[in-house]
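Enquirer: Okay, here's what each chain looks like letter by letter:
Protein chains: 2
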Amino acid sequence: MSVESTIQKMALAAKNASLQIAKCATSQKNEALLQIAAQIQEKAAYIIAQNNKDLMRAKEMEISEAMIDRLTIGDATIQTMIKGLKEVAELEDPVGSLSHTWLRPNGLQVSRMRIPLGVIGIIYESRPNVTIDAAGLCLKAGNAVILRGGSEALYSNQALAATINQALGQTGLPGNTVQVVPIRDRTAVNALLCQTEYIDLIIPRGGEGLIRFVVDNSKIPVLKHYKGVCHVYVDDGANLKKAEEICFNAKVQRPGVCNAMETMLVHKSVAQNFLTGIAKRFDAAGVEIRGCPETCRLVTGAKAAVQDDWPTEYLDLVIAVKVVDNMDQAIDHIAYYGSDHTEAIVTSDYERAKRFVREVDSSVVLVNASTRFNDGAQLGLGAEIGISTSKLHAFGPMGVEELTTTKFVVFGDGQIRE
Amino acid sequence: MSVESTIQKMALAAKNASLQIAKCATSQKNEALLQIAAQIQEKAAYIIAQNNKDLMRAKEMEISEAMIDRLTIGDATIQTMIKGLKEVAELEDPVGSLSHTWLRPNGLQVSRMRIPLGVIGIIYESRPNVTIDAAGLCLKAGNAVILRGGSEALYSNQALAATINQALGQTGLPGNTVQVVPIRDRTAVNALLCQTEYIDLIIPRGGEGLIRFVVDNSKIPVLKHYKGVCHVYVDDGANLKKAEEICFNAKVQRPGVCNAMETMLVHKSVAQNFLTGIAKRFDAAGVEIRGCPETCRLVTGAKAAVQDDWPTEYLDLVIAVKVVDNMDQAIDHIAYYGSDHTEAIVTSDYERAKRFVREVDSSVVLVNASTRFNDGAQLGLGAEIGISTSKLHAFGPMGVEELTTTKFVVFGDGQIRE
Chain S
1 MSVESTIQKM ALAAKNASLQ IAKCATSQKN EALLQIAAQI QEKAAYIIAQ
51 NNKDLMRAKE MEISEAMIDR LTIGDATIQT MIKGLKEVAE LEDPVGSLSH
101 TWLRPNGLQV SRMRIPLGVI GIIYESRPNV TIDAAGLCLK AGNAVILRGG
151 SEALYSNQAL AATINQALGQ TGLPGNTVQV VPIRDRTAVN ALLCQTEYID
201 LIIPRGGEGL IRFVVDNSKI PVLKHYKGVC HVYVDDGANL KKAEEICFNA
251 KVQRPGVCNA METMLVHKSV AQNFLTGIAK RFDAAGVEIR GCPETCRLVT
301 GAKAAVQDDW PTEYLDLVIA VKVVDNMDQA IDHIAYYGSD HTEAIVTSDY
351 ERAKRFVREV DSSVVLVNAS TRFNDGAQLG LGAEIGISTS KLHAFGPMGV
401 EELTTTKFVV FGDGQIRE
Chain G
1 MSVESTIQKM ALAAKNASLQ IAKCATSQKN EALLQIAAQI QEKAAYIIAQ
51 NNKDLMRAKE MEISEAMIDR LTIGDATIQT MIKGLKEVAE LEDPVGSLSH
101 TWLRPNGLQV SRMRIPLGVI GIIYESRPNV TIDAAGLCLK AGNAVILRGG
151 SEALYSNQAL AATINQALGQ TGLPGNTVQV VPIRDRTAVN ALLCQTEYID
201 LIIPRGGEGL IRFVVDNSKI PVLKHYKGVC HVYVDDGANL KKAEEICFNA
251 KVQRPGVCNA METMLVHKSV AQNFLTGIAK RFDAAGVEIR GCPETCRLVT
301 GAKAAVQDDW PTEYLDLVIA VKVVDNMDQA IDHIAYYGSD HTEAIVTSDY
351 ERAKRFVREV DSSVVLVNAS TRFNDGAQLG LGAEIGISTS KLHAFGPMGV
401 EELTTTKFVV FGDGQIRE
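Residue numbers (this note's numbering), protein chains in the order written: chain S, 1 to 418; chain G, 1 to 418.
These are calculated hints, taken from the structure and not from any lab test. Take the hints with a grain of salt, since some may be wrong.
Pairs involving identical chains hold if they fit within one copy or between any two copies, as the list cannot separate such chains.
As the list claims (entries may be wrong) - Mimicking DMTMM-like on lysine to aspartate or glutamate, the simulated pairs with C-alpha atoms at most 20 Å apart in a straight line are:
1. Lys219 with Glu197
2. Lys15 with Asp332
3. Lys83 with Glu31
4. Lys83 with Asp375
5. Lys15 with Asp328
6. Lys280 with Asp93
7. Lys407 with Asp375
8. Lys86 with Glu351
Nothing here was measured: the structure is a model prediction, and the numbers come from that model.
Just chain S, same shape as in the assembly:
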């Protein structure tokens, strides 16, 4: 069978499964989630053995240590998967809930009912635990899902899919609710992105190259973020101790993720005090500073930033620093160089806090807190399927509710239109 017909067949099967899973009771979906968790525990040795095949192949292909690290499933990964599934089972089921009902003058009762989206395609790189997280969230929201992980993780993902399918069967749900694309070749992705009739949404997760490829080739709506060029603005009169903790945390706690700070903007009135203090901590933590001329004047050892530094997502222990004359300059800098992902202000000024929150056009805007909180679990949404920096449908971290939509339901007693 050709790649196209394999994918089309999978998409049709997913569509059919989605019609069934959409009608499932919450208890049945939760039972399936817990059954998947139990099966993963039971089949742990098999899953790890299949993962070893991927690892051997990866080593032969001389894939980087970092990639191999992400690819590896150990006992701890298994336990994380199980814990994640149990947490998703605990989440509130959004499907079927009616938001407030309003009454029209003619007596019609109108509500919005939350419903699944249908079929979701997830295209991602390396880490096989995404397979479990994404399957769990899509299932909870009543959707079918087609997963296309990295080709280097194919044995692992197929082992996980087989485990999931068995658990679904045991709880009376259609096995095709969760499918893994069994094809390494990238033509499978192109084929997936053309299934407009069967797939309702595509979510790509990975590097900017993968995401641009998906956006450029998809005929199906895509929710995504390209990158996170996140800023912290340290305001005039800010509590500099708090500012230092927040900036240090935002840059250093986990520099390789999208919600880490990449650029620090500092009001000129606090620049000298603040920068000399934090520069020492950054230096001790191995953070390289690339600064504007004023930063370089104030901080010994800072490199001069070039134009390309401002829009760059380093994902590393590097930070761009710019001293600004006022908050307007900071907001303009963010609007011009930012990625609409996450921005924070450290301030003690009420009006400026309010204005920053209103005027900064990013998916998460924080006052006096680290950018690292742009994360579904941290914000209280439960597990997340990704972060969107496009405004349509979802903007920011996407949890189980963002995998649903609403329809209108109207209860009447024979009303007709005049």
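Assemble chain G onto chain S, guided by the hints.
Expert: Quick look at chain G alone, frame taken from chain S:
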């Protein structure tokens, strides 16, 4: 200047205007809406004169009477435009509102704040009053808008845009908040659909051909519906008097619109009584019936339906009728032939009402009411910008809130991630 550079320049100007309009206070936006209404009143003679130029050109080009009727701006149209603007000014402003705030265990306060989408492109046919409705709704939601009406309405739309621009200037808002594409050629639409950097959303309104063209060529997210193949299912044991009123209203009250009923599904147990009654009324109203074999057996004068009738949007005094064995058959028919637009059940049975509402996957699902209520104003949303049958972002009638999105705002006291 080439078409591409004209459009790109407009899109950039819209983006810049959107940054200003997003920050405007509700009072300023409302003042602008009322000022536009006042200017339309004042410039009515000029607008009608410009409309006459379009009409003369249309008559020369031998455009159909129906099209000329839709194109004509008379005193009544002017008053409808003014009334519409005043109603939009009365609507609640969604922008800046915070939904419920929740507290995280670490003390972070998290809310969602409603924000404008940015720049919206509207591509529509003939009717110039859409120019005013769309401009008003986009402005109220804090968006800039680029309007590309039918080429046959260009003089009218330019006159309306000039009137709007003047009113915007008088209230201190950027004139480029509302722009009309001054190019008749369709290449202008293609150019518009490529402005991914500046335009956030495209809404096409018109016939299926126009909408498919937009969807096939847009690089920007599109909200749309292709057609409305709306069904009413008359259930076993339904109140047949109510059923008759609802079905007659859904078909006859305004047959040329997307929420008119196109197919009637009738439970076999009530088919004889119900069909013989309503067939007389349909006959008197000039409605042609195309029926399944059982319908043809019961209704004298019914034509035999062919396969093509079931997925057809007649937009005319024609109805397809099918007798079904049970509600499952009706739901399956709707899933297969429907357009996810509007479906109604007439029933007296509590369980079946509940199940129909839950299982029918359409943007508006009604119990004991006419399909004609799928309309923003009728459902209480205020004016509508269109109806979406795609599930992402909005599903059903789209009012001012659907022209916005939410971002997360987080208020902390120095929280960092552990």
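Enquirer: Does each hint fit the structure? Answer for all of them.
Expert: Here's how the hints hold up against the structure:
1. For a Cα distance limit of 20 Å, the shortest separation of Lys219 from Glu197 qualifies both inside one copy, at 10 Å, and across copies, at 18 Å.
2. For the identical chains of this complex, Lys15 and Asp332 are inter-copy neighbours only, at 14 Å across copies versus 45 Å inside a copy, given an alpha-carbon limit of 20 Å.
3. When the C-alpha separation of Lys83 and Glu31 is checked against a cutoff of 20 Å, the pair qualifies only within one copy, where the shortest distance is 15 Å, while the shortest distance between copies is 55 Å.
4. Proximity of Lys83 to Asp375 under the C-alpha cut-off of 20 Å is restricted to the intra-copy arrangement: shortest distance 17 Å within a copy versus 45 Å between copies.
5. In this homomeric assembly, Lys15 and Asp328 come within 20 Å of each other (Cα to Cα) only across copies, at 18 Å, whereas the closest approach inside a single copy is 49 Å.
6. Taking the shortest Cα distances, Lys280 and Asp93 never come within 20 Å of each other, neither inside one copy (48 Å) nor across copies (48 Å).
7. Taking identical chains as interchangeable, the C-alpha atoms of Lys407 and Asp375 lie at most 20 Å apart only when they sit on different chains, with a minimum of 13 Å there against 27 Å within one chain.
8. For the homomeric pair Lys86 and Glu351, neither the shortest alpha-carbon distance inside one copy (43 Å) nor that between copies (32 Å) is at most 20 Å.
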